[in-house]
Amino acid sequence: MMDLILLIIRDIFLVTGSIAVLIGAFGVLRLPELFCRIHAAGITDTAGAGLVITGLMIESGFTLVSLKLLVIFVFLFFTSPTSSHALAKSAIHGNVLPVTDLPKR
Amino acid sequence: MIAGALIAVLVGMALLLIRAFVGPDIYNRILAVNNFGTKTVLVIALYGFLTDRPDFLDIAIVYALCNFIATIAILKYFEYGDLGHVGEQPEDERQ
Amino acid sequence: MKFLILPFSFLAVFWLILSGHYTTLLLVLGAVSCIWVLRISHRMKIVDLEDYPIHLVPWRIIYYWFWLIKEIMLSTWTVSKIILTPKSRISPKVVWLPADEMSDMQKVIYANSITLTPGTLTIEADNSRLEIHTLRGDMLEPLERGDMADRVRKLEY
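From first to last, the protein sequence lines stand for chains G, W and C. Going by my numbering, the letters in the first sequence line up with residues 1 to 105, in that order. Going by my numbering, the letters in the second sequence line up with residues 1 to 95, in that order. Going by my numbering, the letters in the third sequence line up with residues 1 to 157, in that order.
Accuracy of the hints is not assured; some may be wrong.
[Said to hold, decoys possible] The calculated DSS-like cross-link candidates involving lysine-lysine, where the alpha carbons are at most 25 Å apart (straight line), are: (1) C:LYS87 - C:LYS70; (2) C:LYS154 - C:LYS70; (3) G:LYS89 - C:LYS93; (4) W:LYS76 - G:LYS89.
Because the hints were derived from the structure by calculation, they are not lab data. Given the structure is predicted, the values throughout are model-derived calculations rather than measurements.
Starting from the given sequences, assemble the full structure and let the hints guide the process.
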């Protein structure tokens with residue numbers, strides 16, 4: 001019984017995580033301009049990766065494998081804002097400025 | 001369900017590849033490739049669990065490290081044209 | 001010497017998690033490699049007391065992380081709706097937000113938390129302000145209320 005509940009919780013995490021990953025990728029493809037796309041990429045980096053890794057942690061239980069997953073999780077959470085910020089800054093230095101008055105489609 | 005998540009992440013990677021090919025400029029491509037790397041970490045982890053070999057996680061950790069360093073290095077190269085550049089420093093620290 | 005203990009324990013814990021084999025020989029080799037890495041980074045002069053979050057209150061930062069995860073989930077929901085609605089109106093905005101009365105570490109935590117929540121992105125920072133790019137004007141409301149800034153200010157002793 002307990003196993004079944006854990007299995008269902010794991011599946012909920014994995015499914016929501018994959019949906020978040022798909023939405024993030026779709027947003028990178030769909031949104032009109034670089035700075036908007038960075039927001040969509042952020043969904044994959046935080047919510048998508050976080051939910052999928054939490055699902056895998058439930059699968060492996062209290063073992064060394066879970067600790068390694070936690071290391072990946074923390075590492076992604078620390079590096080993803082750093083690279084987004086570096087990208088935004090160097091885009092502005094390269095004269096790709098954020099568009100604030102998009103035409104209505 | 002792990003296989004389903006693996007397929008979803010792979011589809012997401014395909015969508016990102018389209019963005020990396022279409023561009024339109026270098027920054028969009030770097031964004032797509034950086035995100036592609038994050039998804040690769042997830043694919044490696046999921047595939048390790050699918051085949052019951054969680055040792056794959058070590059590779060995932062190394063891939064996450066390489067992906068971050070590579071993004072920063074490419075951005076630095078395109079901003080300064082030189083990987084050995086010291087970057088911007090406050091006036092009083094400059095030698 | 002005192003400020004080498006923290007990075008050493010960090011490296012040792014990382015090695016223990018990655019290794020998984022705990023025999024005497026491997027533990028000695030691990031300790032030697034940790035010391036070697038520290039020696040190299042000490043000679044490169046990249047070990048610095050300021051780099052370690054030792055003056056943060058531990059239980060508050062853990063509580064803050066859980067609160068941040070909740071915020072990330074809420075704004076992920078909003079941004080997902082924007083992406084999935086066809087012809088949704090996107091009106092990006094760039095504003096300056098105040099970040100005064102914060103130490104450098106707190107400013108880094110604040111800026112990174114803003115970037116981590118989808119929908120808001122820190123572009124530039126100066127002494128007391130942060131430049132924020134947002135996907136839609138109303139996503140700024142929680143930040144302008146100063147909820148996150150107050151929590152970050154309370155993180156240090």
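These are the hints, each one checked on the structure:
no., hint, result
1, C:LYS87 - C:LYS70, "violated (28 Å)"
2, C:LYS154 - C:LYS70, "holds (19 Å)"
3, G:LYS89 - C:LYS93, "holds (16 Å)"
4, W:LYS76 - G:LYS89, "holds (11 Å)"
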